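> Here is how the chains run, residue by residue.
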Amino acid sequence: MNRINTKLQENKKLLSIYFTAGYPELNSTVSIIQELEKSGVDMIEIGLPFSDPLADGPTIQESSTIALENGMTTKLLFEQLENIRKTVEIPLIIMGYFNPILQFGIEEFCKKCAQVGIDGLIIPDLPLDVFEQDYKTIFEQYNLKNICLITPQTSDERIHKIDQISDSFIYMVSSSSTTGSQNSFGDVQKNYFKKISDLKLKNPQIVGFGISNSETFTEAIKYQKGAIIGSSFIKFIKDHPIENISTFINKLR
Amino acid sequence: MKYQVNENGFYGEFGGAFIPEMLYPNVEELRKQYLDIIATAEFQKEFHQLLKDYVGRPTPLYFAERLSAKYNTKIYLKREDLCHTGAHKINNTIGQILLAKRLRKTRIIAETGAGQHGVATATVCALMGLKCIVYMGEIDIQRQAPNVARMKMLGAEVRPATSGSKTLKDATNEAIRDWINNPIDTFYIIGSVVGPHPYPDMVAKFQSIISEEIKKQLHEKEGKENPDYVIACVGGGSNAAGAFYHFLDEEKVNLIAVEAAGKGIHSGESAATSVLGKIGIIHGSKTLLMQSEDGQITEPYSISAGLDYPGVGPLHAHLHDTKRAEFIAITDDDAMAAGLNLCKTEGIIPAIESSHALAVLDQKKFKKDDIVVINLSGRGDKDLNTYINYFEL
Chain A
1 MNRINTKLQE
11 NKKLLSIYFT
21 AGYPELNSTV
31 SIIQELEKSG
41 VDMIEIGLPF
51 SDPLADGPTI
61 QESSTIALEN
71 GMTTKLLFEQ
81 LENIRKTVEI
91 PLIIMGYFNP
101 ILQFGIEEFC
111 KKCAQVGIDG
121 LIIPDLPLDV
131 FEQDYKTIFE
141 QYNLKNICLI
151 TPQTSDERIH
161 KIDQISDSFI
171 YMVSSSSTTG
181 SQNSFGDVQK
191 NYFKKISDLK
201 LKNPQIVGFG
211 ISNSETFTEA
221 IKYQKGAIIG
231 SSFIKFIKDH
241 PIENISTFIN
251 KLR
Chain B
1 MKYQVNENGF
11 YGEFGGAFIP
21 EMLYPNVEEL
31 RKQYLDIIAT
41 AEFQKEFHQL
51 LKDYVGRPTP
61 LYFAERLSAK
71 YNTKIYLKRE
81 DLCHTGAHKI
91 NNTIGQILLA
101 KRLRKTRIIA
111 ETGAGQHGVA
121 TATVCALMGL
131 KCIVYMGEID
141 IQRQAPNVAR
151 MKMLGAEVRP
161 ATSGSKTLKD
171 ATNEAIRDWI
181 NNPIDTFYII
191 GSVVGPHPYP
201 DMVAKFQSII
211 SEEIKKQLHE
221 KEGKENPDYV
231 IACVGGGSNA
241 AGAFYHFLDE
251 EKVNLIAVEA
261 AGKGIHSGES
271 AATSVLGKIG
281 IIHGSKTLLM
291 QSEDGQITEP
301 YSISAGLDYP
311 GVGPLHAHLH
321 DTKRAEFIAI
331 TDDDAMAAGL
341 NLCKTEGIIP
351 AIESSHALAV
361 LDQKKFKKDD
371 IVVINLSGRG
381 DKDLNTYINY
391 FEL
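Residue numbers (this note's numbering), protein chains in the order written: chain A, 1 to 253; chain B, 1 to 393.
Bound-form chain A, shown alone:
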């Protein structure tokens, strides 16, 4: 079974962390992953940096720019991850925009993912219908889960469609926004979390965007299976050594 699905069956709420590969240092990728697992994180999203990350707020944009300046490339990421499965067991997901993956070659990209032990992909600008028509069978061939997003504006009809196509979890964007931290969630978001929970979808949901601290994390996992923290973690590793990651994680739960 895919590591993501095994993890989702555990009887606990999940904490997933996003970071940008090649940031803050070109070669920090592997040590960040190892340190995150040691700190008790359940799942990791490795961001493949892109020059024009449309769905991201200033923090992740900046980390992507610096990662690219550091010399990060798709090829290099796979080299860095070559032996990752010798030391790391938790599910690993690559989150990247479509163009760099397209240039690498979709099939080649999926093949490399399978080789190094990646379990799923989040490609925000890969439309659902294009995925279904052109790439679904390739993803399946390499046992990669395609993780789709829903937002507060997504219609129930489309949520059910996404639920049908998905086979791991649904990435639930907390609010109508690009990525970036919020200090608390308002009633609109809380009602949205509850509403989605009431839809009784077959796939569990993990909440992302706007989760920055234990308050927002706790709120996000009230109705959902887990939550993803990105920008706020990026800010942390900008100012703190990798060895201190556990202090950030321990404050969350």
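Just so you know, these hints were derived from the structure itself, not from any lab. Misleading hints may appear alongside valid ones.
[What the hints assert, rightly or not] On the chain A side, residues computed to face chain B include the following (Cβ under 8 Å): (1) Phe50; (2) Leu54; (3) Thr59; (4) Gln61; (5) Asn70; (6) Phe98; (7) Pro100; (8) Val130.
Treat the numbers as computed from the prediction; the structure is a model and nothing was measured. Glycine included, C-beta positions come from ideal geometry on N, C-alpha and C.
Once you have looked at the hints, place chain B on chain A.
Quick look at chain B alone, frame taken from chain A:
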């Protein structure tokens, strides 16, 4: 109909809507409704009334006698430079603001490079009394101070894009991010035939008034609707899309798309996407795109701020792919010389973008009885500083 967008938003293999889910409801709302709204008699009436009384259409199709004598062929200039606000851009913003009103949007956002589309958007927002926010690269804000002032006078808020290279592509990214953050009340007026479907088709349709008029005017002047050549410059490609539109299926009409070669196609400072680009995704569209081997979007260069976009609209990628249009790249130097030539020969100061189209006259030999229509997309007032510095006037 060979060159029209298909129902999935593709021109051949180019186009589509490669957008994050956050934008899906907005783009879908527009996709479902734009054709129906535009087709209503009431929309058409208001659109054409404004084009006539406010924009000043039809713009003349001017027979450039001295220029024709110089190049020994028959040259007509389609005078988009005489539109209100100084360029063809306003044809599209009028269309989109009428659409935005019918979708009951109250807040308008736009991106701008040189500021022409920003000014055209600020203008129609003032006309309709709608709130207007224009994203503009921080570097462009410094380079194009007069247009920034014009937008402010028209009541728009100009927000600097400080990410990436701080130019047009980053302004577009910021406008898209704004739209993600304001999905309900906001309408995004894109300025060229780029972006996710239905934008390329919608903008091309609004700009198609250019070729519609050329046909009529040429019939009056020459007794036939079709010229031998239509020449237009291409950044994203909206004026070219408009000038080509009604000739796309007339295979005998040669279409020439003119890109900016900057300091030379292979100089590393160029915007010749059709030569340097590969298929990729930019701003929600699959098209030809200047990018690194690793798929990072690279920064284009041209002396003309309206042509330095790292992609071309998907329609143009398709015209290039099918060889329906010939693509020619013109350097800064050749464009500047052609611009000055038009000033001295015809008494018209063209925008530097349009000067690229004019420069084709020096690159390509036309027959004596060929009818060559050049789309003069904008006037040169905005470029005065560049002309002054370049020619040390």
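> Now, for every hint given, state plainly whether the structure supports it.
Going down the list of hints, with the structure as the test:
A hinted interface residue such as Phe50 (chain A) counts as satisfied when its beta carbon comes closer than 8 Å to some beta carbon of chain B; here the least separation is about 7 Å, so the hint holds. The beta carbon of Leu54 (chain A) comes within 5 Å of a beta carbon in chain B, closer than 8 Å, and the hint placing it at the interface holds. A least Cβ separation of about 11 Å between Thr59 (chain A) and chain B goes past the 8 Å threshold, and the interface hint is therefore violated. A distance limit of 8 Å between C-beta atoms decides the matter here; for Gln61 (chain A) the minimum to chain B is near 5 Å, and the interface restraint holds.
Taking 8 Å as the C-beta cut-off, the interface hint given for Asn70 (chain A) is violated, the closest approach to chain B being about 13 Å. Of the supplied interface hints, the one on Phe98 (chain A) holds, with its beta-carbon coming within about 5 Å of a beta-carbon of chain B, less than 8 Å. A cut of 8 Å between beta carbons decides the hint on Pro100 (chain A): the least distance to chain B is about 3 Å, and the hint holds. The restraint placing Val130 (chain A) at the interface with chain B holds, with a minimum CB-CB distance near 7 Å, inside the 8 Å limit.
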